[in-house]
Amino acid sequence: MISQHEFVVATAGRGTYDLGDDIRGLVLASGVVTGICHVFVRHTSASLMLCENADSAVRQDLESFMQRLVPDGDPLFTHIDEGPDDMPAHVRSILTRSDLSLPVSDGGCALGTWQGVYLWEHRLASHRRKVMVTISGESR
Amino acid sequence: MISQHEFVVATAGRGTYDLGDDIRGLVLASGVVTGICHVFVRHTSASLMLCENADSAVRQDLESFMQRLVPDGDPLFTHIDEGPDDMPAHVRSILTRSDLSLPVSDGGCALGTWQGVYLWEHRLASHRRKVMVTISGESR
Amino acid sequence: MISQHEFVVATAGRGTYDLGDDIRGLVLASGVVTGICHVFVRHTSASLMLCENADSAVRQDLESFMQRLVPDGDPLFTHIDEGPDDMPAHVRSILTRSDLSLPVSDGGCALGTWQGVYLWEHRLASHRRKVMVTISGESR
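Protein chains in written order, with my numbering: chain G, 564 to 703; chain U, 564 to 703; chain F, 564 to 703.
These are computed hints drawn from the structure, not numbers from a lab.
Heads up, some of the hints might be wrong.
No distinction is drawn between identical chains; accordingly, a pair holds when it is met within one copy or between any pair of copies.
Said to hold, decoys possible - Capping the alpha-carbon separation at 25 angstroms, the derived lysine to any residue pairs in SDA-like fashion look like this:
(1) 693 to 638
(2) 693 to 679
(3) 693 to 669
(4) 693 to 639
(5) 693 to 637
(6) 693 to 672
(7) 693 to 631
(8) 693 to 569
(9) 693 to 641
(10) 693 to 587
(11) 693 to 619
(12) 693 to 678
(13) 693 to 611
(14) 693 to 644
(15) 693 to 572
(16) 693 to 573
(17) 693 to 647
(18) 693 to 673
(19) 693 to 658
(20) 693 to 583
(21) 693 to 574
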């Protein structure tokens, strides 16, 4: 069986947003007991990550790392019409990812103890980000 | 139901190649209405990416970024028998990805407006790259 | 049909560990002929990669690259309580990946000739890493 839903994350600009509750709710509602939960962000300047969820300093350090690796306003870039953070947002998205597949086991997402699912907004301004979740597998 | 096909992308060396038409055609032919389209490149020196498809400068800037991050002929590398672009191609593949899972909804790939699917050839010379597409889900 | 199993990789610290035999065995045992094999590591400081499997120098060069890109003890990081290799392990995991989906064709993983599946332990100390494999598709 397959269950598919889309929801919107209203971001307040660059930063990470915990999708755990949304995803857990959709997996539970789907009735899938064993299978795969696929999460997909329909944009190229926001992405997904599985990240340590206990200490928020981890996500802040990831943000610092990305700002150093792909600085806003980097003179390397020619695609600059939409602002100094636009091309870095595309690079950051490609270095992380737009899709994520999680195992579903015993009716829930079989994440590790410290694994959280986050949407990473890479643009400085707030955006509305569409996330599509497709859960497939066997029900009871 | 599951539908699986392999096709070959004949690349003209380093650069990006739009797979959108191939993938859209295979999804349509599969008859899957709701599900997942899995795309896989069977190589370790070419990869896949979901990238902004409106302005080709985005892909050129990504190429510039990768050349700066993983320069050809980097003296760090010891695996150099196949040329100065070989080890960088492996690194670039691992920083991007070999597999991609896309949601299928209403019989088509539910990509965002600006999302294109590209094969990224990382070697300087032309190659024949095998891409396997597996579409699974519910048909009408 | 769906088959799901978890196994543990006992790592001897930072380095790569070939998962090919484990995965091939599980795909064969599942009886799935056409489908997807999903591999998932339930941690945020170890990851997965598809990498050239012929010359181990490729994996050593990847390790060198990551040590240069995300050095242990980097003063950029504030999440340092668990040691100088902890935050780099999180960054390295996010630049690579926690999940991997492989095509299953003719009853086996349809990897390219030179593609190997590796777990990449990013911490310096040995760890026990849980890997969950979910194989779905059509059987004979």
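So, going through the hints one by one against the coordinates:
For a Cα distance limit of 25 angstroms, the shortest separation of residue 693 from residue 638 qualifies neither inside one copy, at 31 angstroms, nor across copies, at 36 angstroms. In the homo-oligomer, the alpha carbons of residue 693 and residue 679 lie at most 25 angstroms apart both inside one protomer (19 angstroms) and across protomers (16 angstroms), since each shortest distance falls under that limit. For the identical chains of this complex, residue 693 and residue 669 are inter-copy neighbours only, at 17 angstroms across copies versus 28 angstroms inside a copy, given an alpha-carbon limit of 25 angstroms. In this homomeric assembly, residue 693 and residue 639 never come within 25 angstroms of each other (Cα to Cα): the closest approach is 30 angstroms inside a single copy and 32 angstroms across copies.
For the identical chains of this complex, residue 693 and residue 637 are neighbours neither inside a copy (28 angstroms) nor across copies (35 angstroms), given an alpha-carbon limit of 25 angstroms. In this assembly of identical chains, residue 693 and residue 672 lie within 25 angstroms of each other by CA distance both inside one copy and across copies; the values are 21 angstroms within and 15 angstroms between. For the homomeric pair residue 693 and residue 631, neither the shortest alpha-carbon distance inside one copy (28 angstroms) nor that between copies (32 angstroms) is at most 25 angstroms. Taking the shortest alpha-carbon separations for residue 693 and residue 569, only the intra-copy value of 7 angstroms comes in at or below 25 angstroms, while the best inter-copy value is 30 angstroms.
For the homomeric pair residue 693 and residue 641, neither the shortest alpha-carbon distance inside one copy (27 angstroms) nor that between copies (32 angstroms) is at most 25 angstroms. In this homomeric assembly, residue 693 and residue 587 come within 25 angstroms of each other (Cα to Cα) both inside a single copy, at 17 angstroms, and across copies, at 21 angstroms. Both within a single protomer and between protomers do residue 693 and residue 619 lie at most 25 angstroms apart by alpha-carbon distance, with minima of 24 angstroms and 24 angstroms respectively. When the C-alpha separation of residue 693 and residue 678 is checked against a cutoff of 25 angstroms, the pair qualifies both within a copy, at 22 angstroms, and between copies, at 13 angstroms.
In this assembly of identical chains, residue 693 and residue 611 lie within 25 angstroms of each other by CA distance both inside one copy and across copies; the values are 12 angstroms within and 22 angstroms between. Taking identical chains as interchangeable, the C-alpha atoms of residue 693 and residue 644 lie at most 25 angstroms apart only when both belong to the same chain, with a minimum of 23 angstroms there against 36 angstroms between chains. When the C-alpha separation of residue 693 and residue 572 is checked against a cutoff of 25 angstroms, the pair qualifies only within one copy, where the shortest distance is 6 angstroms, while the shortest distance between copies is 31 angstroms. In this assembly of identical chains, the alpha carbons of residue 693 and residue 573 lie at most 25 angstroms apart only when taken from the same copy (9 angstroms versus 34 angstroms across copies).
Taking the closest pair of Cα atoms, residue 693 and residue 647 come within 25 angstroms of each other only inside a single copy of the chain (23 angstroms); across copies the shortest separation is 37 angstroms, beyond that limit. In the homo-oligomer, the alpha carbons of residue 693 and residue 673 lie at most 25 angstroms apart both inside one protomer (24 angstroms) and across protomers (11 angstroms), since each shortest distance falls under that limit. Taking the closest pair of Cα atoms, residue 693 and residue 658 come within 25 angstroms of each other both inside a single copy (20 angstroms) and across two copies (23 angstroms). With identical chains, the CA atoms of residue 693 and residue 583 are at most 25 angstroms apart both within one copy (15 angstroms) and between copies (20 angstroms).
In this assembly of identical chains, the alpha carbons of residue 693 and residue 574 lie at most 25 angstroms apart only when taken from the same copy (11 angstroms versus 33 angstroms across copies).
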